[in-house]
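Chemist: Here the protein sequences line up with chains R and A, keeping their order. Mapping of the first sequence onto full-length UniProt numbering: residues 1 to 356, in sequence order. Mapping of the second sequence onto full-length UniProt numbering: residues 1 to 356, in sequence order.
No lab work stands behind these hints, which were simulated from the structure alone. From a predicted model like this one, the values you see are computed outputs, not experimental measurements. Please note that the accuracy of each hint is not assured.
Each pair may be met inside one copy or between any two copies, as identical chains are not told apart.
[Claimed, not checked] Calculated lysine-lysine pairs in the DSS-like style (CA-CA distance at most 30 Å, straight line): (1) 298 - 11; (2) 146 - 328; (3) 350 - 146; (4) 328 - 196; (5) 199 - 298; (6) 310 - 19; (7) 300 - 19; (8) 306 - 350; (9) 146 - 300; (10) 298 - 146; (11) 350 - 19; (12) 350 - 204; (13) 204 - 146; (14) 11 - 310.
Protein chains: 2
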Amino acid sequence: MRYQGLLQTYKEYLPVTDKTPMLTLQEGNTPLVRAENLSQELGLDLYFKYEGLNPTGSFKDRGMVMAVAKAVEEGSRTIMCASTGNTSAAAAAYAARLGLNCIVLIPNNNIALGKLAQAMIYGAKVIAIEGNFDRALEIVREITAKHPITLVNSVNPYRIEGQKTAAFEVCDQLGEAPDVLAIPVGNAGNISAYWKGFKEYHAKGKISSLPRMVGFEAEGAMAIVKGEPILEPETVATAIRIGNPASWKTAVAAAEESSGQINYVTDEEILSAYRTIASREGIFAEPASAASVAGVYKLKREGYFKGGEKVVCVLTGHGLKDPNIAIKSIGAEPLVVQDSEEAVMAAIAKLEGNGV
Amino acid sequence: MRYQGLLQTYKEYLPVTDKTPMLTLQEGNTPLVRAENLSQELGLDLYFKYEGLNPTGSFKDRGMVMAVAKAVEEGSRTIMCASTGNTSAAAAAYAARLGLNCIVLIPNNNIALGKLAQAMIYGAKVIAIEGNFDRALEIVREITAKHPITLVNSVNPYRIEGQKTAAFEVCDQLGEAPDVLAIPVGNAGNISAYWKGFKEYHAKGKISSLPRMVGFEAEGAMAIVKGEPILEPETVATAIRIGNPASWKTAVAAAEESSGQINYVTDEEILSAYRTIASREGIFAEPASAASVAGVYKLKREGYFKGGEKVVCVLTGHGLKDPNIAIKSIGAEPLVVQDSEEAVMAAIAKLEGNGV
Numbered sequence: 001m002r003y004q005g006l007l008q009t010y011k012e013y014l015p016v017t018d019k020t021p022m023l024t025l026q027e028g029n030t031p032l033v034r035a036e037n038l039s040q041e042l043g044l045d046l047y048f049k050y051e052g053l054n055p056t057g058s059f060k061d062r063g064m065v066m067a068v069a070k071a072v073e074e075g076s077r078t079i080m081c082a083s084t085g086n087t088s089a090a091a092a093a094y095a096a097r098l099g100l101n102c103i104v105l106i107p108n109n110n111i112a113l114g115k116l117a118q119a120m121i122y123g124a125k126v127i128a129i130e131g132n133f134d135r136a137l138e139i140v141r142e143i144t145a146k147h148p149i150t151l152v153n154s155v156n157p158y159r160i161e162g163q164k165t166a167a168f169e170v171c172d173q174l175g176e177a178p179d180v181l182a183i184p185v186g187n188a189g190n191i192s193a194y195w196k197g198f199k200e201y202h203a204k205g206k207i208s209s210l211p212r213m214v215g216f217e218a219e220g221a222m223a224i225v226k227g228e229p230i231l232e233p234e235t236v237a238t239a240i241r242i243g244n245p246a247s248w249k250t251a252v253a254a255a256e257e258s259s260g261q262i263n264y265v266t267d268e269e270i271l272s273a274y275r276t277i278a279s280r281e282g283i284f285a286e287p288a289s290a291a292s293v294a295g296v297y298k299l300k301r302e303g304y305f306k307g308g309e310k311v312v313c314v315l316t317g318h319g320l321k322d323p324n325i326a327i328k329s330i331g332a333e334p335l336v337v338q339d340s341e342e343a344v345m346a347a348i349a350k351l352e353g354n355g356v
Numbered sequence: 001m002r003y004q005g006l007l008q009t010y011k012e013y014l015p016v017t018d019k020t021p022m023l024t025l026q027e028g029n030t031p032l033v034r035a036e037n038l039s040q041e042l043g044l045d046l047y048f049k050y051e052g053l054n055p056t057g058s059f060k061d062r063g064m065v066m067a068v069a070k071a072v073e074e075g076s077r078t079i080m081c082a083s084t085g086n087t088s089a090a091a092a093a094y095a096a097r098l099g100l101n102c103i104v105l106i107p108n109n110n111i112a113l114g115k116l117a118q119a120m121i122y123g124a125k126v127i128a129i130e131g132n133f134d135r136a137l138e139i140v141r142e143i144t145a146k147h148p149i150t151l152v153n154s155v156n157p158y159r160i161e162g163q164k165t166a167a168f169e170v171c172d173q174l175g176e177a178p179d180v181l182a183i184p185v186g187n188a189g190n191i192s193a194y195w196k197g198f199k200e201y202h203a204k205g206k207i208s209s210l211p212r213m214v215g216f217e218a219e220g221a222m223a224i225v226k227g228e229p230i231l232e233p234e235t236v237a238t239a240i241r242i243g244n245p246a247s248w249k250t251a252v253a254a255a256e257e258s259s260g261q262i263n264y265v266t267d268e269e270i271l272s273a274y275r276t277i278a279s280r281e282g283i284f285a286e287p288a289s290a291a292s293v294a295g296v297y298k299l300k301r302e303g304y305f306k307g308g309e310k311v312v313c314v315l316t317g318h319g320l321k322d323p324n325i326a327i328k329s330i331g332a333e334p335l336v337v338q339d340s341e342e343a344v345m346a347a348i349a350k351l352e353g354n355g356v
């Protein structure tokens, strides 16, 4: 049987009506991979929810399929967002699928075409303004309030509805809820969505317990941990470089209600976890994703676990989203040798001496 | 129920024994997305098998999981390949998972670190030789013949075994075999593997008919179409830039036995299909993948179809694998305007005038 996508699979939990188009790029249905090596090292039963294998390479597809389907249901022919990354890629892909216009507003400082190329190849029209990101979002809100254009940034309430399906999948894949759900926190919509999903599954009797929600901000953008917005957030994990999270309150509520916590990790810890995930488990995720794994290492050091807990780390996006960080992280250039069997064998021996 | 990966799912069709480690990164189980807009345009029932959503971003994971599992079963602790692209990424990921050494040999001309970074972040050790790709492969063959190191290039017979599972999935997802299977042809292992898979499913009674296999080489690398090796193959579709396909004979046999054909498409046709898939269906695939869709367009122009055929195009890798082509393909830079609602609305109107 062909997988039918999120709207069909979870329609009883979603605002899907007779008039909602059954839009899908076969988002969701992403792997839950057991972290065999790290489970052993940490004394946990550790899994990765690998959201990088959504169609556009990040978890944003879950919320976007719902938001775009509802936009069409409500008669919209144009969607709009302020975003330089994963949100714009997801918006553009679903707009392409339905033949909608997709307008992406970005600040005109440091346009990284690589980050935008994905949205543009899907056909998004990109407009750069002489102002910062907050101003771009403000203009998007003004325009979409007055014109028949649908806002698909995270303030669109359907985004959270779609995103909560990831919690359903985790439970369906495990056969129960995990003990702990570890997740990166940037705009804080994803932790809010997972918690909503777990609670709904629990209310329906699909799971008998709820996980503790542990969220991790990057140190340079830890608004929630500090209790105040960060004016100039900075972190290598660009997908969570957010100084004033839109879903701040619901994220705090998720942590409190679940007896979890919002904590933080440093860029160094993020990059270390980023390399560890790839080199020890064979999973390549974008730096922001590694915040969840870095966080689990931090909790382990702090004695948080009693041992054996079932822990799911959400890996929010694919490592291929940020090739420059990968290139910077590998450190060594290839070893160059002559084209002989002997020279290559000598090089292998040398590398083994270096701990190959 | 959690998906268990290819070795477990299709073990009765694979060389899996009691001693084969059940290695998995949850490769396979990739989307079969109906091409809603192109089906209508072309008068076909057209689907994309989106192999870019395998864990390392290409179909190579299917063959590699089998090859690496067998390497371990046979006592190997080191694997080796000559590759600058998808093969090395897949080899490195599975080696990381099992704690094996992975040695990648490349020619020292024009090393594109971006292409290699993925393998390196998974922990592969890369050695560049003063010689070309053919010489690198030759050295890999010499070394693996003499030392306890397993060759995982496509001459490793387990690769085809793993890759044939994609044909099983297509049939499982459709509930039958398609009428036509369109696929890019580079080294020609993939068309050989699909045909093997379809025949095995047919022999077991899982499907009642077999598809016509239509394969497409890039014009600048069309060795099979020309009937002779191409000394200096050249095409924008780097993943099929191969002048002397390793699986030449089995590819020709697949086309002949299935009443299909090996044909070719130009770089222009490939890039056009590459943009069409993204902008009209919301699917981002690497340029080589687009050869299958470009080929279907070509066959349509040539009157090959009677109409309504069920056609599956294999999209072999994710578009994020080759960000530079995406940047080159988008053409336009973002439009820069002042930070006012009026200026942005004027820009939108202008873009709509340009056919937004």
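Chemist: Using 30 Å as the alpha-carbon threshold, which applies to residue 146 and residue 328: within, between, both, or neither?
Modeler: neither (44 Å within a copy, 35 Å between copies)
Chemist: Within a copy, between copies, both or neither: where do residue 328 and residue 196 come within 30 Å Cα-Cα?
Modeler: neither (37 Å within a copy, 41 Å between copies)
Chemist: Checking residue 204 and residue 146: alpha-carbon separation at most 30 Å within a copy, between copies, both or neither?
Modeler: For residue 204 and residue 146, the Cα distance exceeds 30 Å both inside one copy (39 Å) and across copies (61 Å).
Chemist: Within a copy, between copies, both or neither: where do residue 306 and residue 350 come within 30 Å Cα-Cα?
Modeler: neither (42 Å within a copy, 61 Å between copies)
Chemist: When no copy is specified for residue 350 and residue 146, does a C-alpha distance of 30 Å or less occur within a copy, between copies, both, or neither?
Modeler: Classified as between: cross-chain Cα gap 19 Å, same-chain 66 Å, threshold 30 Å.
Chemist: How would you label the pair residue 11, residue 310 (within, between, both, or neither) given a Cα cut-off of 30 Å?
Modeler: The answer is both: 28 Å in one copy and 28 Å across copies each meet 30 Å.
Chemist: How do residue 350 and residue 19 come out at 30 Å by Cα distance, when the copy is not named: within, between, both, or neither?
Modeler: neither (65 Å within a copy, 32 Å between copies)
Chemist: Reference check for the pair residue 298 and residue 146, CA-CA at most 30 Å: within, between, both, or neither?
Modeler: Answer is neither: 47 Å inside a copy and 45 Å across each miss the 30 Å cutoff.
Chemist: If the cutoff is 30 Å on CA atoms, where do residue 350 and residue 204 land: within, between, both or neither? Let me know, please.
Modeler: Intra 59 Å, inter 50 Å, cutoff 30 Å: neither.
Chemist: Given identical chains, is residue 298 near residue 11, meaning Cα to Cα at most 30 Å, within a copy, between copies, both, or neither?
Modeler: Neither: 37 Å inside a chain and 39 Å across chains, both beyond 30 Å.
Chemist: 30 Å Cα cut-off: does residue 300 pair with residue 19 within a copy, between copies, both or neither?
Modeler: Close neither inside one copy (48 Å) nor across copies (34 Å); limit 30 Å.
Chemist: Within, between, both or neither: how does the pair residue 310, residue 19 come out at a Cα-Cα threshold of 30 Å?
Modeler: Cα proximity of residue 310 and residue 19: across copies only (28 Å, versus 40 Å in one copy).
Hints 1, 2, 4, 7, 8, 9, 10, 11, 12 and 13 from the list above are not met by this structure, while the remaining hints are.
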